[in-house]
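First to last, the sequence lines map onto chains A and B.
Counting from 1, position 36 in the first sequence corresponds to residue 36 in our numbering; the numbering is continuous, with no gaps.
Counting from 1, position 67 in the second sequence corresponds to residue 67 in our numbering; the numbering is continuous, with no gaps.
Hints listed in this document are in silico derivations from the structure and should not be mistaken for laboratory results.
The structure displayed is predicted, hence computed values, not measured ones.
Hints may contain errors.
[Said to hold, decoys possible] In silico DSSO-like cross-links for lysine-lysine, where the CA-CA straight-line distance does not exceed 30 angstroms: (1) Lys111/B <-> Lys99/B; (2) Lys78/A <-> Lys68/B; (3) Lys56/B <-> Lys5/B; (4) Lys71/B <-> Lys99/B; (5) Lys5/B <-> Lys99/B; (6) Lys99/B <-> Lys78/A; (7) Lys71/B <-> Lys56/B; (8) Lys111/B <-> Lys5/B; (9) Lys37/B <-> Lys54/B; (10) Lys37/B <-> Lys24/A; (11) Lys68/A <-> Lys99/B; (12) Lys71/B <-> Lys37/B; (13) Lys111/B <-> Lys56/B; (14) Lys99/B <-> Lys68/B; (15) Lys5/B <-> Lys71/B; (16) Lys37/B <-> Lys78/A; (17) Lys68/A <-> Lys56/B; (18) Lys54/B <-> Lys99/B; (19) Lys24/A <-> Lys56/B; (20) Lys78/A <-> Lys68/A; (21) Lys78/A <-> Lys24/A.
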Amino acid sequence: DAGVIQSPRHEVTEMGQEVTLRCKPISGHDYLFWYRQTMMRGLELLIYFNNNVPIDDSGMPEDRFSAKMPNASFSTLKIQPSEPRDSAVYFCAVHSGPLGNTIYFGEGSWLTVV
Amino acid sequence: DQQVKQNSPSLSVQEGRISILNCDYTNSMFDYFLWYKKYPAEGPTFLISISSIKDKNEDGRFTVFLNKSAKHLSLHIVPSQPGDSAVYFCAEHSGNTGKLIFGQGTTLQVKP
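So that you can see chain B by itself, here it is in the shape it has in the complex:
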């Protein structure tokens, strides 16, 4: 029973174009939603987050959108670069309990 779902296992995008990674969640009790990036043989690293009271957060090429009514989260990367090729995990975090739950991950490939 997956609380955080990333329904697309993989995504392939041309360099310079936009990458859109999607995530759905079931539990609305979490305070923050996060995106992590993972390269092979390394641990995940934090990319960007959004508070549950906001609907958009932007950091350079990365923008996260939160649609609370649809329980949907998305990460936009524009323009995409080959170095962005990695596995991207979305996660939800509760500031109250400290619990942090991840999705299955989406493998992004950015082609030169």
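This is chain A alone, in the form it adopts within the complex:
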């Protein structure tokens, strides 16, 4: 258990509102990922950070999405304004080292935009 804490676990919001999803991993990981789970695309990589620096944000669907990582123990994913098609489960994951089996996920944030 790498202790990746996501909040909120569930959020229901109205279209047009700002949504902020939070991730608090135990420090000591080099990489942090944000994924979105949908039926069509599975686990879709949105953005990932290395040592708090964004490396690849090509998966961020639109300018309405932004992510920050001010320190090794905290990251946010913001959607402004939110739309119904943003409804999904958003996962944060962390990883260290070269091996692919040391990647740990949080339990996800379930977002519903009505």
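Chain A is fixed; fit chain B onto it per the hints.
Coordinates of chain B only, in the frame set by chain A:
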């Protein structure tokens, strides 16, 4: 444009039989291929991985096969158990860039 493809959304298998989950990829630059398992309302958890320089890795009931020429990855579970019922995601990971990309997932149902 899906780099990692799991073309079967679902699979149903009888308990005790073999489950075979398949995955195709397009980019050969990744170092590791992984399988993750996900139960409802939980985050994905690591199941098994294989280095790109190998063609087989076995861990108990789980075996992953890698066919680099075909760019194909498969996970064999034998014997299948009802507790194996979950969504299985394949993924590719680059040790160089740290990038980790997943497929769409396959829902496995193991019937008692």
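Hint by hint, here is what the structure shows:
Distance hint between Lys111/B and Lys99/B is unfulfilled; the C-alpha atoms sit about 36 angstroms from each other, more than 30 angstroms. As the CA atoms of Lys78/A and Lys68/B are separated by approximately 38 angstroms, the hinted pair breaks the 30 angstroms bound. A threshold of 30 angstroms between alpha carbons decides the hint, and for Lys56/B with Lys5/B the separation of about 20 angstroms falls inside it, so the pair holds. Pair hint Lys71/B plus Lys99/B holds up; C-alpha atoms about 18 angstroms apart against a cutoff of 30 angstroms.
About 16 angstroms separates the Cα atoms of Lys5/B and Lys99/B, which keeps this hinted pair within 30 angstroms; it holds. Distance restraint check for Lys99/B and Lys78/A: the Cα-Cα separation of roughly 21 angstroms lies within the 30 angstroms cut-off, and the hinted pair is therefore satisfied. The hinted pair formed by Lys71/B and Lys56/B meets the criterion: a straight-line CA distance of about 14 angstroms does not exceed 30 angstroms. For the hint pairing Lys111/B with Lys5/B, the CA-to-CA distance comes to about 25 angstroms; that is within 30 angstroms, so the pair holds.
In summary, the hint linking Lys37/B to Lys54/B is supported, as the alpha carbons are separated by about 22 angstroms, within the 30 angstroms threshold. Of the supplied pair hints, the one linking Lys37/B and Lys24/A holds, its CA atoms being roughly 22 angstroms apart against a limit of 30 angstroms. Between the alpha carbons of Lys68/A and Lys99/B the distance comes to roughly 18 angstroms, so the proposed pair stays at or under 30 angstroms and holds. Annotation: proposed proximity of Lys71/B to Lys37/B holds, straight-line Cα distance about 21 angstroms (limit 30 angstroms).
This hinted pair checks out: Lys111/B and Lys56/B have alpha carbons roughly 27 angstroms apart, not beyond 30 angstroms. Between Lys99/B and Lys68/B, the direct Cα distance comes to roughly 19 angstroms. Compliance with the 30 angstroms bound is thereby established for this hinted pair. Pair hint Lys5/B plus Lys71/B holds up; C-alpha atoms about 11 angstroms apart against a cutoff of 30 angstroms. Of the supplied pair hints, the one linking Lys37/B and Lys78/A holds, its CA atoms being roughly 27 angstroms apart against a limit of 30 angstroms.
Distance hint between Lys68/A and Lys56/B is unfulfilled; the C-alpha atoms sit about 39 angstroms from each other, more than 30 angstroms. Distance restraint check for Lys54/B and Lys99/B: the Cα-Cα separation of roughly 20 angstroms lies within the 30 angstroms cut-off, and the hinted pair is therefore satisfied. A C-alpha spacing of about 36 angstroms is found between Lys24/A and Lys56/B, which places the hinted pair above 30 angstroms, so the restraint is violated. Among the hinted pairs, Lys78/A with Lys68/A is consistent with the structure: their alpha-carbon atoms are about 9 angstroms apart, no more than 30 angstroms.
Using a Cα cut-off of 30 angstroms, the hinted pair Lys78/A and Lys24/A holds, with the two alpha carbons roughly 15 angstroms apart.
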